[in-house]
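Chemist: Can you build the whole structure from these sequences, using the hints too?
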Amino acid sequence: MKIHEYQAKDIFASAGIAVPRGRVASTPEEARTIAGEVKGTVVVKAQVHVGGRGKAGGVKLARTAAEAEHHTAAILGMDIKGLTVKKVLVAEAVEIASEAYVGVVIDRSIRRPVLIVSAAGGMDIEEVARRFPEKIVKLPLDPLLPFQPFQARRVAYAVYDTPSVIQQASDIIGRLVQVFWQHDCSLVEINPLVVTPGDKVLAVDAKINFDDNAAWRHPEWEALRDPDSELAAEVEAKANDLSFVKLDGNIGCVVNGAGLAMATMDMVKRFGAEPANFLDIGGSSSPEKVMAAMRIILRDQNVRAILFNIFGGITRCDDVARGIVQAVRQLKPKVPIVVRLTGTNEREAKTILEQIHLPVAPGMEAVVQQAIELARQAA
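Take 0 as the starting number for the sequence shown in numbering that gives the first Met the number 0 and just add one per residue.
Hints were generated in silico from the structure; no laboratory data involved.
In this text, all values refer to a predicted model and were calculated from it rather than measured experimentally.
Cβ atoms here follow ideal geometry from the backbone N, Cα and C, with glycine treated the same way.
Some clues are possibly wrong.
DEER-style ranges, computed between Cβ atoms [unchecked claim]:
no. : residue 1 : residue 2 : range
1   : D183      : S25       : 27 to 33 Å
2   : E287      : A73       : 41 to 47 Å
3   : P196      : Q147      : 29 to 35 Å
4   : I109      : A222      : 31 to 37 Å
5   : E28       : P139      : 21 to 27 Å
6   : L140      : D160      : 22 to 28 Å
7   : L144      : D247      : 35 to 41 Å
8   : R110      : Q147      : 20 to 26 Å
9   : E125      : G35       : 26 to 32 Å
10  : G50       : D183      : 32 to 38 Å
11  : G281      : E372      : 26 to 32 Å
Here are the computed lysine-lysine pairs in the DSSO-like style, where the Cα-Cα straight-line distance is at most 27 Å [said to hold, decoys possible]:
no. : residue 1 : residue 2
12  : K245      : K206
13  : K59       : K80
14  : K137      : K1
15  : K206      : K85
16  : K85       : K245
17  : K331      : K349
18  : K38       : K85
Modeler: Laid out in structure tokens, this is it:
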């Protein structure tokens, strides 16, 4: 679950991490009031759950309260990568002597969170890793041992050489790691961590993603959720108990189980195509869930073929087949559908699909290749 920058900064401030003064505004008048309280130059930043806000014109400097009001009026309602801006953060603009990156991310290759620090702040960390790998410092974190002050100092020394700056940065790094553990995050990030000309260290930007698997023990997260900043497809998928991630390809994938979903997407890529989504209907799938899955996928204008890959265990193949028949009759898809159904009630499922003259592919490779070929013909 993603939260906005202003919410992440509130969490950082509560943890003792220094952030610029400022508040969120929903109207130009509120922005003017906040800018007047902050005094001096402020930065007005669109609050949406996507990157590239600055390039889209969603981040502007304002030297006066009136200018902050003007910029806010221009930014509110702006469309940034499909999301409408409904709030802005009005925050104190900070003079910058240097920028760094500090973050904690999950490194799945070693199955641990990793603290990452880089002197090349202000850029995407992936770009830094590609262009300046020597500027990346990594420290794997042990979930069973508390993070120690000497570890924070060690990585701070890799970036800074002024004692007072090292001390401040070490303190912020330690608190950032604490935020990661305390709030069950999948990512915490400060980019940039700024040193001012007066050697004050501040978190000028803030990013936090929560680990959805820990949502059951964080009821307070619900108050931080912003449905307006989630894609309509993601909201509908969540409401129907589906796991959905939008991707950039043209093969719509409907599968059951995360492992089978990953294997299916790998095979789509292996045969030279790109999946349009990750959509897992889960176990005990009802025809209604299949209907919802089809509705979500068919809204994607890039989809040229829909691929069902179902391994029936707890999931009954005949339930999925009924959902496909129902969806075809009601939604009347304009793109071809290919199906692989194997396992529980497989024979009944094939009989049901005969109602719409939809054959079942003999295996996983066959159904993936069929989907790719039909998508190419439809392109």
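Chemist: Would you mind marking each hint as holding or not holding in the structure?
Modeler: Hints and how they fare:
1. D183 to S25: 27 to 33 Å: holds, 29 Å
2. E287 to A73: 41 to 47 Å: holds, 43 Å
3. P196 to Q147: 29 to 35 Å: holds, 31 Å
4. I109 to A222: 31 to 37 Å: This hint holds: roughly 34 Å between Cβ atoms.
5. E28 to P139: 21 to 27 Å: Violated, since E28 and P139 (Cβ atoms, about 48 Å apart) do not stay within the stated range.
6. L140 to D160: 22 to 28 Å: holds, 25 Å
7. L144 to D247: 35 to 41 Å: holds, 40 Å
8. R110 to Q147: 20 to 26 Å: Since the Cβ atoms of R110 and Q147 sit about 21 Å apart, the hinted range of 20 to 26 Å holds.
9. E125 to G35: 26 to 32 Å: violated, 39 Å
10. G50 to D183: 32 to 38 Å: violated, 23 Å
11. G281 to E372: 26 to 32 Å: At roughly 29 Å between Cβ atoms, E372 and G281 fall inside 26 to 32 Å, so the hint holds.
12. K245 to K206: holds, 21 Å
13. K59 to K80: Between K59 and K80 the Cα gap is close to 18 Å, so the pair holds against 27 Å.
14. K137 to K1: holds, 24 Å
15. K206 to K85: holds, 18 Å
16. K85 to K245: With a Cα-Cα distance of about 23 Å, the restraint between K85 and K245 holds, given a limit of 27 Å.
17. K331 to K349: holds, 20 Å
18. K38 to K85: Distance of about 24 Å is within 27 Å: holds.
The structure is inconsistent with the numbered hints 5, 9 and 10, although it conforms to all the rest.
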